[in-house]
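Top line first, the protein sequences correspond to chains Y and F. Per this note's numbering, the first sequence starts with residue 1, numbered consecutively. Per this note's numbering, the second sequence starts with residue 1, numbered consecutively.
Hints are computed from structural coordinates only; laboratory data are not their basis. Since this is a predicted model, take the numbers as computed values, not measurements. The beta-carbon is built from N, C-alpha and C at its ideal position, and this holds for glycine as well. Just to be clear, a hint being listed does not mean it is correct.
Just so you have them, the derived chain Y footprint on chain F, three or more residues with Cβ under 8 angstroms [as the list claims (entries may be wrong)]: (1) 40-50; (2) 94-101; (3) 104-115.
If you want the building blocks of each chain, they are given just below.
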Amino acid sequence: SQQGEEDPQALSIQEGENATMNCSYKTSINNLQWYRQNSGRGLVHLILIRSNEREKHSGRLRVTLDTSKKSSSLLITASRAADTASYFCATDADRPWIIQGAQKLVFGQGTRLTINP
Amino acid sequence: GAGVSQTPSNKVTEKGKYVELRCDPISGHTALYWYRQSLGQGPEFLIYFQGTGAADDSGLPNDRFFAVRPEGSVSTLKIQRTERGDSAVYLCASSPTGADTDTQYFGPGTRLTVL
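Bound conformation, chain Y alone (with noise of 0.2 angstroms):
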């Protein structure tokens, strides 16, 4: 089963607009990632963000976190051409194993950005 729901599902803008994506979430969660996808394969890390932040920043990437209404944004600035791509947002799932840790990701089913140069 997927948590998160990601929103809008395919989004389309003009290179050096700004691209704004919202992840919804079910359950209580330690901390929310970010991640990337390029032509269906493999997912690129790009930002992590606990559950007691509420922004956080990477390079032209901004991340907001609000646990009240467990939702999450992601915002990249200036688009160019090469951020085209599929963007997902990962929780940590319900772990029973506390003591292990192990952070078990559920995804949601990611929107797809298209910046047309």
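Once you have looked at the hints, place chain F on chain Y.
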């Protein structure tokens, strides 16, 4: 350094056949994960290894699926009596310790097609 590698990159098989998918994690990573991604969906967790042992196999869909990691490094995902519904991209990831703040590093995946 080398990332996570998976072989083969593509596998086409016939319904009912047995397949093995291999994952080479980043050297020194103790945690290894398998995920499955169907077209248009996000990856879904299958199994997690900590060292040689399967710490969580709750995502394996049924007993036709099995995975091993005998020496705590390379892992093999094994699928018996394949069905058309098994067609998907199988992704492997590794992380240094499995801690919840670890980044999981993904391989390029194996695209499995069952005819």
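Structure-inconsistent hints, enumerated in ascending order: none
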